[in-house]
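Colleague: What follows is each chain in one-letter form.
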Amino acid sequence: MKKVELIDLCRDYVGQVDKGSTYHPVIVEHMLGRVINTILYEVFSRRVSELDLYTKTFTFDVDDGYVDISSQTQIVQFPGVGDGVRAVYPVENIDVMFYPITIENAARNASMEYMEVDNDIPYMVKNTRVEFISDMSDISQVKMDLVRPFEAYDDDEEFYVPAGQDMVMFGQVLELLMGKPPADLRNDNNPNRR
Amino acid sequence: MKGIIKANDLVNEALMLTRRPQSDYGLVFQHLVNGYRELNTHQAVGVKYEKKQMDGQRMVDYPEDLVELKYVFVPYHGQPQKLTRKPLVPTTSLMYGERRRNVEDGENEPISIQTRGNHALPHNVFGYYMQNDAERWIIFLTDSRSEVVLAYTTNGLSADNKYIPTAYKEVLLNYIIWRDAFFAKENMNYILEAKRTYTDSLRELEKPNVNYEDFVDAWVVNKTVGR
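One line per chain: the protein sequences are A and B, in this order.
The numbering of the first sequence is the numbering used here, which starts it at 1 and goes up by one.
The numbering of the second sequence is the numbering used here, which starts it at 195 and goes up by one.
These are computed hints drawn from the structure, not numbers from a lab.
We put the beta carbon where it would ideally sit given N, CA and C, even for glycine.
You may find that some hints are simply not true.
To be verified - Here are the simulated lysine-lysine pairs, DSSO-like style, with alpha carbons at most 30 Å apart:
no., chain 1, residue 1, chain 2, residue 2
1, A, Lys143, B, Lys356
2, B, Lys379, B, Lys363
3, B, Lys276, B, Lys245
4, A, Lys143, B, Lys200
Said to hold, decoys possible - Residues from chain A that face chain B, not an exhaustive set, calculated with beta carbons under 8 Å:
no., residue
5, Gly80
6, Val81
7, Tyr99
8, Ile101
9, Asn105
10, Met112
11, Glu113
12, Tyr114
13, Glu116
14, Val117
15, Asp120
16, Pro122
Build out the structure end to end from the sequences listed, making use of the hints.
Modeller: Structure, rendered in structure tokens:
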């Protein structure tokens, strides 16, 4: 289902139950985002490698040994090293592999024997930056498979609700929205009177 | 499918078989480096040979990947003639950053190469050597040869050699699983089972590879099998 359709469906569903209430699409989008985050965690936290359906490939320029993800999109936090960065690979035809490591291991790696044998490149994910540990002078661009939050999807982009979670998702969105007071539509400069 | 496999391909295979995330790549690679060295050093799956030219002071530096020096030989009529170790007086030192030997006495006393006749001495005519593991060099005492061949066990992997014979694949995979379970403090049964699997595969690797002709040759010509 397209993202915009999912939001409309949610608004319609919530409006039927919570009679008379209307919610701005952006509010519904953010609430859906929170619920989807929770559902993805519950479904995939033990099967992180099966998140392929929720990844999208982006191409980034490598600048001074790092990539700034926020220039194009956002990523989710997720259990496992690398978080929302599921894979990194070079755009050019270079025989090199990237793998995620933690900051703790990055410090140790420099003195490990295998680093003398191996040319592959470890990377760390720090907030919106992906930092590469080894020399990146031969690599000017990388492709990344990223898992993004629901809010970062385009309106007409497909979003797949995890199997069996549809009703859970609508129920939780309804629960979040029904506790929210209605919008203040009176032009009386008084936030306490609606 | 080849007779030789790249080290990082073997690491990726180990990750896939053990269902580990890619973030464990470095950890598994280090297990592989350790396992291959273990195999080379203690299981004697192979000895590496390297020809070396002595420097002006009759010394040779260890190759970078040398773990243990097995023996030193010079070729003589197509056969390896082993040199023997001799405990020399170590007078080699560094002076102003340069390596020096005391040529007057101790290490550089010349020896006779007279091996026949009434005055023959029980010398190894080809020379003696003394190895210094701490400084990683070999000092030679010879007047007749300046080129020697070192036979040594190797680290296995290095920046120049990233390949492993496929015959060792099973042993190395089992080594990785065993050591990883041990360090991860898995339950005792699993660790022991992993170790047993490793030693079983090691035994498979050590099956003697000697044929009938080798035996006949050893018996008749008095050669050492496998040399």
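Colleague: Each of the hints needs a verdict: does it hold here or not?
Modeller: So, going through the hints one by one against the coordinates:
no.	hint	result
1	A/Lys143 with B/Lys356	holds (26 Å)
2	B/Lys379 with B/Lys363	holds (24 Å)
3	B/Lys276 with B/Lys245	holds (14 Å)
4	A/Lys143 with B/Lys200	holds (25 Å)
5	Gly80	holds (6 Å)
6	Val81	holds (4 Å)
7	Tyr99	holds (4 Å)
8	Ile101	holds (6 Å)
9	Asn105	holds (7 Å)
10	Met112	holds (6 Å)
11	Glu113	holds (5 Å)
12	Tyr114	holds (4 Å)
13	Glu116	holds (5 Å)
14	Val117	holds (5 Å)
15	Asp120	holds (6 Å)
16	Pro122	holds (7 Å)
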